[in-house]
Amino acid sequence: SAEESLGGIRTVKAFTGEPFEVERFVSRIQEVRGFGFQRSRFAAFFASAVNFLMNVSLVVVLLVGLQAVSDSTMTAGDLTAFLLYGVIVAISFAFLAGSIAELYQASGAAERVFETINAEEEISASETGASPQPISTVTFQQVSFSYPTRTEDTAISELSFSASKGEFIALVGPSGAGKSTIMNLLLRFYEPKSGAILFDDHDISKRPIREIRSHIGLVPQDPLLFADTIEANLRYGTSTATLEELEEVCRRSSIFEFIQSLPQGFKTYVGERGVQLSGGQKQRLAIARALLKKPDILLLDEATSSLDSESEAAIKRSLERIKNDCILIAIAHRLSTVQNADKILVINHGRLVEKGTHLDLVSKKGIYQELVSYQELVNAK
Numbered sequence: 017s018a019e020e021s022l023g024g025i026r027t028v029k030a031f032t033g034e035p036f037e038v039e040r041f042v043s044r045i046q047e048v049r050g051f052g053f054q055r056s057r058f059a060a061f062f063a064s065a066v067n068f069l070m071n072v073s074l075v076v077v078l079l080v081g082l083q084a085v086s087d088s089t090m091t092a093g094d095l096t097a098f099l100l101y102g103v104i105v106a107i108s109f110a111f112l113a114g115s116i117a118e119l120y121q122a123s124g125a126a127e128r129v130f131e132t133i134n135a136e137e138e139i140s141a142s143e144t145g146a147s148p149q150p151i152s153t154v155t156f157q158q159v160s161f162s163y164p165t166r167t168e169d170t171a172i173s174e175l176s177f178s179a180s181k182g183e184f185i186a187l188v189g190p191s192g193a194g195k196s197t198i199m200n201l202l203l204r205f206y207e208p209k210s211g212a213i214l215f216d217d218h219d220i221s222k223r224p225i226r227e228i229r230s231h232i233g234l235v236p237q238d239p240l241l242f243a244d245t246i247e248a249n250l251r252y253g254t255s256t257a258t259l260e261e262l263e264e265v266c267r268r269s270s271i272f273e274f275i276q277s278l279p280q281g282f283k284t285y286v287g288e289r290g291v292q293l294s295g296g297q298k299q300r301l302a303i304a305r306a307l308l309k310k311p312d313i314l315l316l317d318e319a320t321s322s323l324d325s326e327s328e329a330a331i332k333r334s335l336e337r338i339k340n341d342c343i344l345i346a347i348a349h350r351l352s353t354v355q356n357a358d359k360i361l362v363i364n365h366g367r368l369v370e371k372g373t374h375l376d377l378v379s380k381k382g383i384y385q386e387l388v389s390y391q392e393l394v395n396a397k
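Using the numbering used here, you'd call the opening residue of the sequence shown number 17 and step up by one each time.
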């Protein structure tokens, strides 16, 4: 539904699903318009028939009145005929006024809809720029950013780091440190205030926005699954994928055996927002959907924060299978998920304060070590 698509607009944008959503919306509008035309034709026919019958009645009344006049009877019939004619005219004008009011009401609603559709984009989505090429490195160069509604607060401050294909990069830190902002900038949901983000040697602000997103797969904390089948959700944004490709990404995401156990397999209906699946199943399905894009960059935004231990272990196995095929960047509150990361970046107040492997950072006894100790204490309880 349109409400569902708008509610998951970040997922739609990240999977460059705008053309699909527009096509689906236009198709639905065409159906509604066709139904509206049918209703209008029926209403017009009905109104014409009623008016015709009224006019016939008027003629009959007038004929009777004329006959009465010719018989030198009282002119009450003539008067009645004209009164009836006046009533009919009044009713007709009442219907006309109601129709005009409905027309103006509909045109006003349509105007608001088209204002939304034709709204100017905040970020340029120019189709010009460098031609699409596989991405092997991501670089942040002194990137700073503030959200438009909080310009006085710096979400990211002079952030610099790089990641290469085959690397598993983990972003950790306290809530509100700026981790999700990094992903928002990579997806060009926002533009940096200063500095540059490079894919290989190209500034992403100079490249078409759809091209940028076509290289990126996203697995959000609460993945959006549409009220459709497993297959339709997997194919979202990648409609040309074969069944063999679907099966392959599901194996790599540790979800294939579960799908095979279902009576209808890939044709299983998942319900509104995937209500018929568990949190772990939705996450693994979201990973498979992202992998189906064959992304150069895979972003995981707290993908295991609300999962049980079994589901978390399945996600960790999935990451081990896929990390060599792309640049894997993951936000994690559960540090056990990212202990095997090639590089852990500790973000605090929008700044990169620590960097290294799990063992390196634990030995430094800094913020990361404090986070690890705190989680161990919580888990012990």
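These are computed hints drawn from the structure, not numbers from a lab.
Certain hints may be false.
Said to hold, decoys possible - As a list, the in silico EDC-like pairs of lysine to aspartate or glutamate whose alpha-carbon atoms are at most 16 Å apart:
no., residue 1, residue 2
1, Lys310, Asp217
2, Lys209, Glu168
3, Lys29, Glu39
4, Lys181, Glu370
5, Lys310, Asp341
6, Lys332, Glu370
7, Lys181, Asp341
8, Lys222, Glu207
9, Lys222, Asp244
10, Lys339, Glu326
11, Lys29, Glu47
12, Lys283, Glu273
13, Lys380, Glu370
14, Lys29, Glu227
15, Lys283, Asp244
16, Lys209, Glu174
17, Lys371, Asp219
18, Lys359, Glu370
19, Lys381, Glu392
20, Lys371, Glu392
21, Lys181, Asp217
22, Lys332, Glu183
23, Lys181, Glu336
24, Lys310, Glu263
Hints versus structure:
| no. | hint | result |
| --- | --- | --- |
| 1 | Lys310 - Asp217 | 21 Å, violated |
| 2 | Lys209 - Glu168 | 12 Å, holds |
| 3 | Lys29 - Glu39 | 15 Å, holds |
| 4 | Lys181 - Glu370 | 22 Å, violated |
| 5 | Lys310 - Asp341 | 9 Å, holds |
| 6 | Lys332 - Glu370 | 23 Å, violated |
| 7 | Lys181 - Asp341 | 7 Å, holds |
| 8 | Lys222 - Glu207 | 11 Å, holds |
| 9 | Lys222 - Asp244 | 36 Å, violated |
| 10 | Lys339 - Glu326 | 20 Å, violated |
| 11 | Lys29 - Glu47 | 25 Å, violated |
| 12 | Lys283 - Glu273 | 15 Å, holds |
| 13 | Lys380 - Glu370 | 9 Å, holds |
| 14 | Lys29 - Glu227 | 12 Å, holds |
| 15 | Lys283 - Asp244 | 9 Å, holds |
| 16 | Lys209 - Glu174 | 10 Å, holds |
| 17 | Lys371 - Asp219 | 24 Å, violated |
| 18 | Lys359 - Glu370 | 10 Å, holds |
| 19 | Lys381 - Glu392 | 15 Å, holds |
| 20 | Lys371 - Glu392 | 21 Å, violated |
| 21 | Lys181 - Asp217 | 14 Å, holds |
| 22 | Lys332 - Glu183 | 15 Å, holds |
| 23 | Lys181 - Glu336 | 14 Å, holds |
| 24 | Lys310 - Glu263 | 14 Å, holds |
Of the numbered hints stated above, those contradicted by the structure are hints 1, 4, 6, 9, 10, 11, 17 and 20, listed in ascending order.
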